[in-house]
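There are 2 protein chains.
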Amino acid sequence: MFSPLIDELMSSLRCLPGVGPKSAQRMALHLLERDREGAERLAQSLHKAVEGVGRCKSCRTLTEQDFCGICNNARRDSSIICVVETPADVLAIEQAGTYQGKYFVLLGHLSPIDGIGPEDIGIDQLINLLQQATANAEPIKEIILATNPTVEGEATAYYISERAKHHNVLVSRIAHGVPLGGELEFIDGGTLAHAFSSRRSF
Amino acid sequence: MFSPLIDELMSSLRCLPGVGPKSAQRMALHLLERDREGAERLAQSLHKAVEGVGRCKSCRTLTEQDFCGICNNARRDSSIICVVETPADVLAIEQAGTYQGKYFVLLGHLSPIDGIGPEDIGIDQLINLLQQATANAEPIKEIILATNPTVEGEATAYYISERAKHHNVLVSRIAHGVPLGGELEFIDGGTLAHAFSSRRSF
Ligand SMILES: [Zn+2]
Ligand SMILES: [Zn+2]
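Protein chains in written order, with UniProt numbering: chain A, 1 to 202; chain B, 1 to 202.
Do not rely on the hints blindly, as some may be mistaken.
Below, simulated EDC-like cross-link-like pairs (lysine to aspartate or glutamate); rule was C-alpha separation at most 16 Å, straight line [as the list claims (entries may be wrong)]:
#, chain 1, residue 1, chain 2, residue 2
1, A, K48, B, D77
2, B, K102, B, D114
3, B, K48, A, D7
4, B, K48, A, E37
5, A, K48, B, E33
6, B, K57, B, D124
7, B, K48, A, E8
8, B, K48, A, E162
9, B, K48, A, D188
10, B, K22, B, E40
11, A, K48, B, E40
12, A, K48, B, D89
13, B, K102, B, E119
14, B, K22, A, D188
15, A, K22, A, E37
Honestly, the hints are just simulated from the structure, not real lab data. Keep in mind that this is a model prediction, so the values were computed, not measured.
From just these sequences and the hints, can you work out the full model?
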C-alpha cells in the first residue's frame with residue numbers, strides 16, 4: 001500500500017519482538033515523518049552491533065571485547081560461577097546487588113525438541129573452565145545454577161549438576177523464591193537476593 | 001551495564017515510539033542472540049528508507065518516487081481532494097474502500113506552540129494546486145477536510161477552509177459522531193455531545 005521502501009521498512013521492523021503490523025506501520029511512519037536522524041542512528045547501531053558483538057571467551061555472554069567487564073574485574077570472586085540462560089539474567093542478578101562471583105551464560109537451555117544439545121549451550125566449555133581452574137591451583141568451589149525455573153531450565157540445571165559432580169565442586173540451585181514458570185529477568189531484586197541466599201546444595 | 005555497542009543499540013532503539021528501556025533491552029538481546037540476519041536487514045531498510053523516501057510532488061505523502069501511486073493513478077478522480085494529516089490516514093481511508101478522489105497529506109497540523117505554521121504543512125502548495133487546476137481547465141470541485149477531530153486538527157481545517165473559499169471550490173468536513181458498531185456507553189462525552197448537536201432529521 002505504501003511505496004516499496006516504506007513497505008520494506010515495515011516488514012523489516014517485524015523482526016523486533018512484540019512488533020505486529022500495526023506497530024511496525026506506526027514506527028516506520030514516525031521515523032520517516034519525524035525522526036530520520038534517530039532512524040539513521042539506529043541503522044548504524046544495528047550494523048555495528050551485528051558486526052562487532054560476539055561472546056566473552058570465558059563466560060560466553062554477549063560482548064564486543066574478548067572478555068566481558070565482569071570476567072575482567074579482578075575484584076570478583078573467581079571461585080564461584082553462577083550459570084544463567086541469558087545476559088538479561090546477569091543484569092537482573094547484578095541489579096539485585098549481592099552476588100560477588102562470576103557468571104557463565106548459556107545463551108539458551110537444553111531443548112531436544114528444538115535440537116539444542118549440551119554443545120550448543122557451552123557445557124563442555126563450562127567443564128573445561130572447572131578443569132583449567134583446578135590445573136591452575138585456583139579451583140572453582142561452587143557452581144550456582146540459576147537457570148529459569150521452567151521445565152527446560154530445570155532439565156538444564158540437572159544435566160549440568162550431573163556433569164559437574166565428577167569435578168569436586170559444590171553444585172547449588174537458587175532457592176525457589178522465584179515463582180515457578182517465571183522468567184528471571186522480570187523478577188524484582190529482593191526476590192532474587194533471597195533466592196541466592198537460600199540456595200541449597202544440588 | 002552491557003558492553004558499549006549493546007548499550008548504544010539499546011539507546012538507539014528508544015527512538016521507536018512506545019519503546020522504553022525494558023523493551024529496548026529485550027529487543028537488542030533478542031536480535032543479538034537469535035536474529036542477527038533480521039537486525040542487519042532492518043539496518044539496511046532503515047538506511048535505504050531514510051536516504052530514499054521523500055515526498056510526492058503533488059500530494060506530499062511519503063514516497064521514494066516523484067509522484068505516489070495514487071497521484072499517478074489516472075482512474076482516480078482529480079476533481080476531489082481529501083486533506084489528511086498523515087500517510088496512515090490515507091491508508092485508513094483507502095481501506096474503507098469508497099473514496100475515489102485524490103489526497104493532500106499535510107504531514108502535521110497547525111500548532112503555533114510548536115512553531116508549526118501554514119508553510120510547514122504545505123498550505124501554499126495546496127492553494128497552488130487549486131489555481132493550477134483551474135488554469136488547466138480541470139478545476140478542483142471539492143476539498144474534503146479529514147484532519148483529526150482534535151483542537152489542532154479543527155484549527156487546521158478551519159484555516160484551510162478560510163484560504164480555499166476564495167478559489168471557487170466546495171469545502172467540506174467529514175462527519176464526526178458515534179462510530180458505526182460502537183457502543184454508546186463506551187463513547188467519550190465530547191463525541192456524544194457532538195453527535196447530538198450534529199443530529200440530522202431521520
Ligand atoms: Zn565474561
Ligand atoms: Zn501523491
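So, going through the hints one by one against the coordinates:
no.: 1; hint: K48/A with D77/B; result: 48 Å, violated
no.: 2; hint: K102/B with D114/B; result: 29 Å, violated
no.: 3; hint: K48/B with D7/A; result: 12 Å, holds
no.: 4; hint: K48/B with E37/A; result: 13 Å, holds
no.: 5; hint: K48/A with E33/B; result: 15 Å, holds
no.: 6; hint: K57/B with D124/B; result: 13 Å, holds
no.: 7; hint: K48/B with E8/A; result: 10 Å, holds
no.: 8; hint: K48/B with E162/A; result: 51 Å, violated
no.: 9; hint: K48/B with D188/A; result: 41 Å, violated
no.: 10; hint: K22/B with E40/B; result: 22 Å, violated
no.: 11; hint: K48/A with E40/B; result: 9 Å, holds
no.: 12; hint: K48/A with D89/B; result: 35 Å, violated
no.: 13; hint: K102/B with E119/B; result: 21 Å, violated
no.: 14; hint: K22/B with D188/A; result: 13 Å, holds
no.: 15; hint: K22/A with E37/A; result: 22 Å, violated
The structure fails to meet hints 1, 2, 8, 9, 10, 12, 13 and 15 from the earlier list, while all remaining hints are met.
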